[in-house]
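**Student:** What follows is the residue order along each chain.
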Amino acid sequence: MTQDTFKLGDREFRSRLLVGTGKYASLEETREAILASGAEIVTVAVRRVSLSGEDSILKAIPEGVSLLPNTAGCYTADEAIRTARLAREAGMTEFVKLEVIGDKKTLFPDIPATIEAAKQLVDEGFTVLPYVTDDPVTALRLQDIGCAAVMPLAAPIGSGLGIKNPYNLRIIIEQARVPIIVDAGVGTASDAAIAMELGCDAVLMNTGIAAAKKPILMAEAMREGITAGRKAYLSGRMGKKLYATASSPLDGLID
Amino acid sequence: MMNLIINGEELQVADVLSVSELLEHLKLDGKRVAVEVNLEIVRREARSSFALHENDKIEIVSFIGGG
Chain B
1 MTQDTFKLGD
11 REFRSRLLVG
21 TGKYASLEET
31 REAILASGAE
41 IVTVAVRRVS
51 LSGEDSILKA
61 IPEGVSLLPN
71 TAGCYTADEA
81 IRTARLAREA
91 GMTEFVKLEV
101 IGDKKTLFPD
111 IPATIEAAKQ
121 LVDEGFTVLP
131 YVTDDPVTAL
141 RLQDIGCAAV
151 MPLAAPIGSG
161 LGIKNPYNLR
171 IIIEQARVPI
181 IVDAGVGTAS
191 DAAIAMELGC
201 DAVLMNTGIA
211 AAKKPILMAE
221 AMREGITAGR
231 KAYLSGRMGK
241 KLYATASSPL
251 DGLID
Chain G
256 MMNLIINGEE
266 LQVADVLSVS
276 ELLEHLKLDG
286 KRVAVEVNLE
296 IVRREARSSF
306 ALHENDKIEI
316 VSFIGGG
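Residue numbers (my numbering), protein chains in the order written: chain B, 1 to 255; chain G, 256 to 322.
It is possible that part of the hints are untrue.
Below, a sample of chain G positions facing chain B; criterion: calculated Cβ distance under 7 Å [said to hold, decoys possible]:
hint, residue
1, ASN262
2, ALA289
3, PHE305
4, ILE315
5, ILE319
6, GLY322
No wet-lab data here; the hints were simulated from the structure.
In this text, a Cβ means the ideal position worked out from N, Cα and C, and glycines have one as well.
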């Protein structure tokens, strides 16, 4: 395949796997997992610095990999906007994964607050990548506002349940004029492949890799799952049939 | 001595006049942090000229691992 890339804002990426940096045993493991995943974009969270001085997550991020700060832990549009502005100042990047949580137990997003924050951040020149539920109308609203991508969940954050509503994702993808990135819920490599076979532009995951018994091996598996799914999507799969169709020609059979 | 509220904790500092002096005093690498004083972000190019005052509320943030 010649240069199969996708665009976020004005930047082009080859890897269709975006990974998080939470929940790893060490900074070294984080780094190894990022390298094994081949990700060109990694998410990080914004928090108060410890005044006692501890090692920064930035040490785990390989050279050339882009930061995607998130607004995780924010429950209102104002909190998310404030966090995004701080992230831009600290990370020197316009990219932001916009996350406005509506409920502690499910971590489902607050859609009206997400839309409100997205509008403001787009106005301020951010490249906004919002995490949302898999609702096609919400996805349309967010792309109309000017978000650089829309990131519907496949299942709840950290659940590893896989692609629970492929039909909604299909609709979202068919209507999309911006990249669609499945964000959250992917538990294993076949989930990543299914997301890509549906026609998503990329997949973002954290726990699916970090909570595996061997995270670095899983990072590699996810990378391969993404590649396999993407190639299958581009190939155009065969149609499904109820009855058998012989693969071997029937001509020349012995009597 | 000046009293500052940094990341929710009170701190007495001497000879700290600007945001960049505060970062130095706290031995923080200014490259990958953001500083907010009384809810206003102090851009990195303004840090050395931005004067701090008694009881200023300061947030200093950076990045941690997250999804």
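**Student:** Against this structure, judge whether each hint is valid.
**Tutor:** Cross-check of the supplied hints:
1. ASN262: holds (4 Å)
2. ALA289: With Cβ-Cβ at 4 Å, under 7 Å, it holds.
3. PHE305: violated (13 Å)
4. ILE315: With Cβ-Cβ at 5 Å, under 7 Å, it holds.
5. ILE319: holds (5 Å)
6. GLY322: holds (3 Å)
The earlier numbered hint that this structure contradicts is number 3, and it is the only one.
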